[in-house]
Amino acid sequence: MRIAFVNTLHKLAAKNPNIILITGDLGFSVFENYIREFPRQFLNAGVAEQNMTGIAAGMAMEGKIPLIYSIVPFVTMRNFEQIRNDICYQGLNVKIVGVGAGYSYGMYGHTHYGLEDMGILRTIPGITIIAPGDPVETELATIAALKTRGPVYIRLGKAGEPLVHKIRPKFEIGKGIVITEGKDIMLLACGTMLPVALEVSDILKNKYSAKVVSMHTIKPIDDVLIKNLSRKMKGIFTLEEHAAIGGLGSAVAEVLAENCLNVVFKRFGTPDHFSKVSGKQKYMREQNGLSAKIIAGEIVKKIN
Amino acid sequence: MNKHKLLKSANNVRKSIMDMAYTAQSAHAGGSLSCVDILTVLYFSIMKINPQKPLDPTRDRLIFSKAHDCKALYAVLAEKSFFNSEKLNTYEMDGGLPGHSTRNIVPGIEASAGSLGHGLSIATGIAYAKKLDKKSQKVFAILSDGECDEGSTWEAILFAGHHKLDNLIAIVDYNKLQAYGRISEVLELEPFADKWKAFGWEVREVDGHNIDGIESILINLPFRKGKPSVLLAHTIKGYLGVKKYVDQVSSQYKPPTEEEYEKVLGGMK
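Chains X and P, in that order, give the protein sequences. If you want this note's numbering, it's the position in the first sequence, counting the first as 1, plus 20. If you want this note's numbering, it's the position in the second sequence, counting the first as 1, plus 88.
Warning: the hint list may mix true and false statements.
Taking CB as the label site, the calculated pair distances span [stated by the list, open to error]:
{"id": "1", "chain 1": "X", "residue 1": "M127", "chain 2": "P", "residue 2": "H250", "range": "28 to 36 angstroms"}
{"id": "2", "chain 1": "P", "residue 1": "H250", "chain 2": "X", "residue 2": "P37", "range": "22 to 30 angstroms"}
{"id": "3", "chain 1": "X", "residue 1": "N64", "chain 2": "P", "residue 2": "S173", "range": "41 to 49 angstroms"}
{"id": "4", "chain 1": "X", "residue 1": "R188", "chain 2": "P", "residue 2": "E174", "range": "37 to 45 angstroms"}
{"id": "5", "chain 1": "X", "residue 1": "R60", "chain 2": "P", "residue 2": "P145", "range": "15 to 23 angstroms"}
{"id": "6", "chain 1": "X", "residue 1": "D243", "chain 2": "P", "residue 2": "I193", "range": "28 to 36 angstroms"}
{"id": "7", "chain 1": "X", "residue 1": "T131", "chain 2": "P", "residue 2": "D221", "range": "48 to 56 angstroms"}
Below, computed lysine-lysine pairings styled on DSBU-like, alpha-carbon distance capped at 30 angstroms [claimed, not checked]:
{"id": "8", "chain 1": "P", "residue 1": "K313", "chain 2": "P", "residue 2": "K136"}
{"id": "9", "chain 1": "P", "residue 1": "K219", "chain 2": "X", "residue 2": "K31"}
{"id": "10", "chain 1": "X", "residue 1": "K313", "chain 2": "X", "residue 2": "K195"}
{"id": "11", "chain 1": "X", "residue 1": "K231", "chain 2": "X", "residue 2": "K252"}
{"id": "12", "chain 1": "X", "residue 1": "K254", "chain 2": "X", "residue 2": "K300"}
{"id": "13", "chain 1": "X", "residue 1": "K227", "chain 2": "X", "residue 2": "K167"}
{"id": "14", "chain 1": "P", "residue 1": "K219", "chain 2": "P", "residue 2": "K264"}
{"id": "15", "chain 1": "P", "residue 1": "K168", "chain 2": "P", "residue 2": "K103"}
{"id": "16", "chain 1": "P", "residue 1": "K313", "chain 2": "P", "residue 2": "K222"}
{"id": "17", "chain 1": "P", "residue 1": "K252", "chain 2": "X", "residue 2": "K35"}
{"id": "18", "chain 1": "X", "residue 1": "K35", "chain 2": "P", "residue 2": "K219"}
{"id": "19", "chain 1": "P", "residue 1": "K141", "chain 2": "P", "residue 2": "K175"}
{"id": "20", "chain 1": "X", "residue 1": "K35", "chain 2": "P", "residue 2": "K168"}
{"id": "21", "chain 1": "X", "residue 1": "K296", "chain 2": "X", "residue 2": "K231"}
{"id": "22", "chain 1": "X", "residue 1": "K203", "chain 2": "X", "residue 2": "K252"}
{"id": "23", "chain 1": "X", "residue 1": "K167", "chain 2": "X", "residue 2": "K186"}
{"id": "24", "chain 1": "X", "residue 1": "K167", "chain 2": "P", "residue 2": "K222"}
{"id": "25", "chain 1": "P", "residue 1": "K219", "chain 2": "X", "residue 2": "K167"}
{"id": "26", "chain 1": "X", "residue 1": "K225", "chain 2": "X", "residue 2": "K296"}
{"id": "27", "chain 1": "P", "residue 1": "K103", "chain 2": "P", "residue 2": "K222"}
{"id": "28", "chain 1": "P", "residue 1": "K252", "chain 2": "P", "residue 2": "K175"}
{"id": "29", "chain 1": "X", "residue 1": "K35", "chain 2": "P", "residue 2": "K175"}
{"id": "30", "chain 1": "P", "residue 1": "K222", "chain 2": "X", "residue 2": "K31"}
{"id": "31", "chain 1": "P", "residue 1": "K283", "chain 2": "P", "residue 2": "K264"}
{"id": "32", "chain 1": "X", "residue 1": "K167", "chain 2": "X", "residue 2": "K31"}
{"id": "33", "chain 1": "P", "residue 1": "K313", "chain 2": "X", "residue 2": "K31"}
{"id": "34", "chain 1": "P", "residue 1": "K223", "chain 2": "X", "residue 2": "K167"}
{"id": "35", "chain 1": "X", "residue 1": "K321", "chain 2": "X", "residue 2": "K203"}
{"id": "36", "chain 1": "X", "residue 1": "K254", "chain 2": "X", "residue 2": "K167"}
{"id": "37", "chain 1": "X", "residue 1": "K252", "chain 2": "X", "residue 2": "K322"}
Read the hints as simulated data drawn from the structure, not as lab findings. Even glycine gets a Cβ: it sits at the ideal position worked out from N, Cα and C.
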């Protein structure tokens with residue numbers, strides 16, 4: 021995903037000299053071509069994410085379009101107050117790009133996991149949150165974010181995420197994309213869990229036909245889609261590589277509850293405790309109830 | 089500029105601050121008063137600004153990071169006719185001027201602030217953007233001494249020194265008192281000038297209530313080409329032009345009493 025991001029940014033930066041990529045000292049082997057071509061549109065702010073965020077706010081006041089980049093916790097949590105006060109409160113046109121959603125940095129342990137970012141950012145007025153589901157959505161999300169004026173958080177995986185879209189879908193911020201049609205259950209997935217949702221659908225295909233939707237935008241949530249497509253379903257399930265508290269699952273639950281949509285519902289996210297183990301992304305998902313097999317089993321239990 | 093006129097403006101600003109503090113029974117009069125002479129010199133002598141065109145792209149910028157002391161900023165902006173001084177009567181009233189300065193709430197306020205340690209980064213970002221665009225405007229940041237406890241302030245100091253942002257001028261209202269004690273007792277900043285120097289800044293120090301002294305230093309910017317400038321302004325918390333009601337931790341919190349208010353205003357006439 022980060023390659024799709026930087027390649028897209030490369031094209032956009034060529035057209036718009038106000039675009040400035042600011043990194044918190046990360047991006048080795050990813051940004052070199054960009055830096056070579058656009059040295060004036062690149063800044064390494066050092067390992068100082070709070071200052072990086074304030075600097076981006078100052079630059080945005082001068083008409084620049086800064087994108088701040090780091091690993092998810094360092095670009096959303098370390099600098100949370102700067103995002104709130106300096107960027108969002110002042111309505112500034114800054115994009116926040118977090119790499120390493122969920123357990124993407126599996127072996128590195130909890131400090132490097134991105135599990136609470138959407139939950140905390142979702143509480144801030146005026147921010148848009150996008151977690152693209154594959155490299156194609158990453159490209160489209162990057163283009164859409166830069167067309168949008170105001171703060172946008174783009175939550176990326178890392179490297180090697182599978183391609184879900186064979187053709188470029190219509191991409192609109194705040195509008196889910198139906199990936200596969202189905203009439204029994206609906207799987208609403210975001211970010212790195214989109215391919216897992218398709219695996220779940222495949223495992224369950226003899227029992228239930230699943231409508232899989234890429235809910236790439238967590239804020240604003242596509243409440244129209246949820247309201248229109250939830251009726252008549254045997255169950256609605258959300259999948260995210262993020263705490264079950266606060267992210268996509270919570271956003272969908274809010275829509276269901278406030279619209280009195282009485283439907284079987286379950287959130288699949290990371291549990292409310294710190295893992296005692298660390299390991300590669302696949303292992304961590306298995307350990308924390310986020311493998312396709314575990315999710316499929318839980319769905320069957322929930323519906324029955 | 090004519091010293092008499094600057095002093096008169098500074099005294100008007102002091103009076104406005106006391107009016108606001110007394111009417112709203114508000115905290116933070118002390119730190120508002122300590123930066124009055126600095127702000128007066130900046131707005132009436134140094135900065136290129138036009139109250140008729142508050143968003144003129146060629147204006148100098150001032151980021152008021154110690155936003156809890158915004159009574160001083162509001163008062164000086166009103167004195168400079170950015171807005172009608174009647175607006176000051178709404179300070180900390182429902183729907184009125186907020187207790188921490190907020191962007192565009194009245195003309196002339198560049199950035200919302202209130203949480204300490206944010207303003208210098210914002211000012212640094214503006215200064216960096218100005219350098220990219222080869223623009224000559226200056227960017228001022230007014231910091232409290234207490235907020236130099238914040239790590240983010242030092243991140244910005246490190247960055248600005250590294251990038252040689254000589255269009256950036258930080259001014260520290262060094263009144264030696266922070267929220268809950270003396271700087272020397274809470275977290276000592278000394279040797280303060282040496283710290284800034286070590287981070288690549290050119291440092292000057294001044295009596296922050298000597299209008300001539302402040303002006304004569306700020307008239308020559310940057311202090312050194314290729315370096316950001318910092319002015320450590322030694323000030324007195326609660327300074328009213330006379331040394332009454334000053335230099336007490338309590339001036340951070342306690343609104344003036346009727347007696348103090350009458351005495352001070354009497355002394356100012």
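Of the numbered hints stated previously, which ones are contradicted by the structure, given in increasing order? 4, 7, 12, 13, 14, 20, 21, 26, 27, 28, 29, 33 and 36
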